[in-house]
Amino acid sequence: MAKQEKSYEVTDYGWLVAMSFVFLALVAIALWREVFPSWRPVQKTFRNDLQKYAGVEKADSFQIGIKQIWIPKINVVDRCVTCHLGYDWGTILPATLGEPLMPHPNLPYMDKHSFQQFGCTPCHGGQGWATTAEAAHGDKGWNDPMLSANLAKRYGLTRGELMQMRCNYCHRHDVATSGMEQINAAKILFKAKKCIVCHTVEGRGGATAPEITYFGDKDPELVDFSHVNGARTLFNWNYQHLMDPDKVSPHTTMPTFNFTPDEARDLTLLLLSWRREIFPPEYIPAPLEASATPTPTASATPSPAASPAPTKAP
Amino acid sequence: MRERMAKLWRAVTWTWSPESERESSEAIVRNLWLHWFPAKITRAAMSWNYSMWLGTASASLFLILTITGVMLMFFYVPSTERAYGSIKDLEFAVSFGRILRNQHRWAAEGMVAIVFLHMARVFFTGAYRGQRAANWVVGVLLLLLTLLLSFTGYLLPWDQLAFWAVTVGTNIAREAPLVGGTISFLLLGGNQIDQQTLLRFYVLHVFFLPLLLWILFAYHMWRVRKDGGLAAVEPIRAERTMRPKEMPATKSYSMFGLTPGTSVQVMSSTDLEEQDLVTSSPNLTRRVMLVFLAVQNATLLAAILFNAPLEEAANAAVTPNPAKAPWYFVWLQELVASTTVRIGPFTISGGFLGGILLPGFLLMVLAVWPWLDRSPKNAEGRWFAKTRRNQNAVFAAAIVAIVILIIIGVFLRGPYWKIYLPGTPRPEMPKVF
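As they're listed, the protein sequences go chains D and Y. Note that this note's numbering gives residue 281 to position 281 of the first sequence, counting from 1, and the numbers run on in steps of one. Note that this note's numbering gives residue 72 to position 72 of the second sequence, counting from 1, and the numbers run on in steps of one.
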């Protein structure tokens, strides 16, 4: 009997030692993952580039860690800048650096849309919370995909054209906005074709057709795709519906307007831009007269000059 | 220096090996954390084959869940505006946040499974008879509490998965006769899932349910000791009392002289014999440590390998297709769906039959089964005793049916609640882009 007791001792003790080593190994893996995240090599490269173009001092002041632009007012936490580090180093770093480190192009409206006031995702889409490229860019498990050149190409658009949709979240009530040619054209078409004779938009218009004030929020699953060619997306449905309403929704009362493909795409962008986006009033541009110069008045609050060091993660 | 190093080495490789039985039992009895263990334990109860240590594994999971849960409480914000964001922060920005949440999630799912398996073990070994019946009922309550804890935790991430799983769950509760509407209203804190629901589920999840579970767990363990340990000792006890004893060398005496036969003392060898027992310290304590470590490793490995699911933020306007209950309730959803009858334009909801009546009946039978069981005493404490064949078969059939329904619900049900066999393409759900 004493022998049996011994066997408990030996086997259990052996297992306990083995399990302890497994536990140590697992803790080591967890630690490794924490210390060497996927953004770390990117930041190392950035520090080297900084040293090359801006000197040792700047490179030394750069600290490795999660970076974010946090704007509680519009509920934005954009950790994109953990990898896209060169975004506001346009005066020092060259554009030839390539993604993800190259500086943000200095577009004409950038002085009205500072990084510290707008962040990244309000214009580009994507998941600001994420600190991995896949989660941040990917449209998997995320209903607001980053508006990439690839995505735009699928619909015969350029990235700039596709992104105008997001500009119009705030610029919805502009008559015309410089740099938003597609949306501007769509707004003119929308008036010219007298869409609100049948559709209600923001409380005005007919009741013959569905209200489209928040068309961009429409649940794509509630749309009939049985007569739509290609991918089952709200964009495709809308585009094909504008081109040939009777084909997509048989027996619809909506007339065929004989839009050109470009016109239909522009109108689709406009319709998809009508969403329940809640921006505080200072983000909404003041209304412009049609005759006025089409320069956007983006915000009432003066935005502080973008500082090179973005807010660090808490 | 050398002496100091040797001393340090001894301190690091400290071991405990009691030199006498007295020292061993005092290590148990005089220790606050260990005194609920017996000083000695039967070899039968130590066997891997008998209990598979599923109860210890459940308790280990609950301890892991309590610790990881308390740590998560430092980051989680139970508000509809910030809950989802705080989970995203845990996932992407908090140090070890992702692994913490993953482990909490997988330990929770594991606990539901292991507690259920523990109950199956107790049933198949007939360990709920006689005095142990009361503890069986406590066990059923503990299973219910585990399910409720898991269900209340399901809502907290406030994503689409959470929102719609809880919608399915509370809509089933609404089907209960008379009190259904009230229960649903009480749980939701209103007529729909909103901030009130999140707060109620949170308070239940982090305070009331765990507290209740800890109290009942303590009682469960106390009862195990008071009922004479695991039922595995019963066959041995029976053997010890049945075994014909050698006539003692001494004679038996009555008050007035010699009597024929043996005295009461000799016959009633109720106590287990020395060779049936081992000291709890270090045999049991080491084993408990081993089981805990194994469970910890398993959940940690799962946390490293697999990310806990997190879908888009909760949106009451967009229903995912299909909307599924958590896996341990999906068999009920399956029953509800298959007992829903459509006659022409009329639909009779299966919510009452499949969601309330059948599970209620199963639970009731489960709770009173020890008093309905007529199997003989010697079936106690053995796996698959022949005299219990019929009831074991019925119980196994019920488990298999539930598992099949769960597999169908989790793996085969696709959009529009249709069955898609593995390998067949599922329709792509429409998106904005």
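None of these hints come from the bench; they were simulated from the model. Errors might be hidden in some of the hints.
[Claimed, not checked] Each computed EDC-like pair below joins lysine to aspartate or glutamate, with the alpha-carbon atoms no more than 16 Å apart:
{"hint": "1", "chain 1": "D", "residue 1": "K194", "chain 2": "D", "residue 2": "E221"}
{"hint": "2", "chain 1": "Y", "residue 1": "K377", "chain 2": "Y", "residue 2": "E273"}
{"hint": "3", "chain 1": "Y", "residue 1": "K431", "chain 2": "D", "residue 2": "E211"}
{"hint": "4", "chain 1": "D", "residue 1": "K153", "chain 2": "D", "residue 2": "D262"}
{"hint": "5", "chain 1": "D", "residue 1": "K52", "chain 2": "D", "residue 2": "E34"}
{"hint": "6", "chain 1": "D", "residue 1": "K194", "chain 2": "D", "residue 2": "D144"}
{"hint": "7", "chain 1": "D", "residue 1": "K193", "chain 2": "D", "residue 2": "D144"}
{"hint": "8", "chain 1": "Y", "residue 1": "K431", "chain 2": "D", "residue 2": "E263"}
{"hint": "9", "chain 1": "Y", "residue 1": "K431", "chain 2": "D", "residue 2": "D262"}
{"hint": "10", "chain 1": "Y", "residue 1": "K431", "chain 2": "D", "residue 2": "E282"}
{"hint": "11", "chain 1": "Y", "residue 1": "K40", "chain 2": "Y", "residue 2": "E312"}
{"hint": "12", "chain 1": "D", "residue 1": "K73", "chain 2": "Y", "residue 2": "E81"}
{"hint": "13", "chain 1": "Y", "residue 1": "K431", "chain 2": "D", "residue 2": "E202"}
{"hint": "14", "chain 1": "D", "residue 1": "K73", "chain 2": "D", "residue 2": "E282"}
{"hint": "15", "chain 1": "Y", "residue 1": "K431", "chain 2": "Y", "residue 2": "E311"}
{"hint": "16", "chain 1": "Y", "residue 1": "K431", "chain 2": "Y", "residue 2": "E312"}
{"hint": "17", "chain 1": "Y", "residue 1": "K40", "chain 2": "Y", "residue 2": "E26"}
{"hint": "18", "chain 1": "Y", "residue 1": "K226", "chain 2": "Y", "residue 2": "E239"}
[As the list claims (entries may be wrong)] Examples of chain Y residues lying across from chain D (beta carbon under 8 Å, computed):
{"hint": "19", "residue": "K88"}
{"hint": "20", "residue": "R121"}
{"hint": "21", "residue": "A317"}
{"hint": "22", "residue": "K431"}
[What the hints assert, rightly or not] Partner residues are not named here, just some residues of chain Y that face chain D (Cβ under 10 Å, in silico):
{"hint": "23", "residue": "E21"}
{"hint": "24", "residue": "T42"}
{"hint": "25", "residue": "M46"}
{"hint": "26", "residue": "P282"}
{"hint": "27", "residue": "N283"}
{"hint": "28", "residue": "M289"}
{"hint": "29", "residue": "N297"}
{"hint": "30", "residue": "L300"}
{"hint": "31", "residue": "E312"}
{"hint": "32", "residue": "A313"}
{"hint": "33", "residue": "L412"}
{"hint": "34", "residue": "R426"}
{"hint": "35", "residue": "P430"}
{"hint": "36", "residue": "V432"}
Cβ atoms here follow ideal geometry from the backbone N, Cα and C, with glycine treated the same way.
Hint check:
With a CA separation close to 28 Å, the supplied pair D/K194 and D/E221 exceeds the 16 Å bound. Taken as a hint, the Y/K377 and Y/E273 pair is broken in the structure, with Cα atoms around 21 Å apart against an allowance of 16 Å. With a CA separation close to 20 Å, the supplied pair Y/K431 and D/E211 exceeds the 16 Å bound. A threshold of 16 Å between alpha carbons decides the hint, and for D/K153 with D/D262 the separation of about 13 Å falls inside it, so the pair holds.
About 29 Å separates the Cα atoms of D/K52 and D/E34, which puts this hinted pair outside 16 Å; it is violated. For the suggested pair D/K194 and D/D144, the alpha carbons sit about 30 Å apart, so the restraint of at most 16 Å is broken. Between D/K193 and D/D144 the CA atoms are separated by roughly 30 Å; this puts the pair beyond 16 Å, and the hint is violated. The hinted pair formed by Y/K431 and D/E263 fails the criterion: a straight-line CA distance of about 22 Å is larger than 16 Å.
A C-alpha spacing of about 22 Å is found between Y/K431 and D/D262, which places the hinted pair above 16 Å, so the restraint is violated. Our distance criterion of 16 Å between C-alpha atoms is broken by Y/K431 and D/E282, whose separation comes to about 32 Å. A distance of roughly 54 Å separates the Cα atoms of Y/K40 and Y/E312; the hinted pair therefore is violated under the 16 Å criterion. Note on D/K73 and Y/E81: the hinted pairing holds, with a Cα-Cα distance of about 13 Å set against a maximum of 16 Å.
Using a Cα cut-off of 16 Å, the hinted pair Y/K431 and D/E202 is violated, with the two alpha carbons roughly 25 Å apart. Proposed proximity of D/K73 and D/E282 is supported: the alpha carbons are some 11 Å apart, at most 16 Å. Under the criterion of a C-alpha separation no larger than 16 Å, the hint pairing Y/K431 with Y/E311 is consistent with the structure, at around 15 Å. Straight-line distance between C-alpha atoms of Y/K431 and Y/E312 comes to about 13 Å, which keeps the hinted pair within the 16 Å bound.
Between Y/K40 and Y/E26 the alpha-carbon distance is near 11 Å, which keeps this suggested pair within the 16 Å criterion. As the CA atoms of Y/K226 and Y/E239 are separated by approximately 21 Å, the hinted pair breaks the 16 Å bound. Annotation: interface hint on Y/K88 holds; nearest CB of chain D at approximately 4 Å, less than 8 Å. Among the interface hints, the one on Y/R121 is violated; its C-beta lies about 21 Å from the nearest C-beta in chain D, farther than the 8 Å criterion.
With a least beta-carbon distance of about 7 Å to chain D, the hint placing Y/A317 at the interface is held under the 8 Å criterion. At its closest, the beta carbon of Y/K431 sits 5 Å from a beta carbon of chain D; the interface hint therefore holds under the 8 Å criterion. Against a cut-off of 10 Å between C-beta atoms, the interface hint on Y/E21 is violated, since the closest Cβ of chain D lies about 12 Å away. With a least beta-carbon distance of about 12 Å to chain D, the hint placing Y/T42 at the interface is violated under the 10 Å criterion.
Restraint check, Y/M46 versus chain D: the minimum CB separation of about 7 Å is within 10 Å; hint holds. Checking Y/P282 against chain D by beta carbon gives a least distance of about 8 Å; that is within 10 Å, so the hint holds. At about 6 Å, the closest approach between the beta carbon of Y/N283 and any beta carbon in chain D falls short of 10 Å, and the interface hint on this residue holds. Among the interface hints, the one on Y/M289 holds; its C-beta lies about 6 Å from the nearest C-beta in chain D, closer than the 10 Å criterion.
Contact between Y/N297 and chain D, as hinted, is supported at the beta carbon level, the nearest pair being about 5 Å apart and thus within 10 Å. For Y/L300, the interface hint holds, the least distance from its beta-carbon to any beta-carbon of chain D being 5 Å, beneath 10 Å. Interface restraint check: Y/E312 against chain D, minimum CB-CB distance 5 Å, threshold 10 Å, status holds. The interface hint given for Y/A313 is met, as the beta carbon of that residue sits about 9 Å from the closest beta carbon of chain D, less than 10 Å.
Annotation: interface hint on Y/L412 violated; nearest CB of chain D at approximately 21 Å, more than 10 Å. With 10 Å as the threshold, the beta carbon of Y/R426 stays out of range of chain D, its nearest partner Cβ sitting at about 13 Å, so the hint is violated. Because the beta carbon of Y/P430 sits about 4 Å from the nearest beta carbon in chain D, less than 10 Å, this interface hint is met. The restraint placing Y/V432 at the interface with chain D holds, with a minimum CB-CB distance near 5 Å, inside the 10 Å limit.
The structure shown violates the earlier hints numbered 1, 2, 3, 5, 6, 7, 8, 9, 10, 11, 13, 18, 20, 23, 24, 33, 34.
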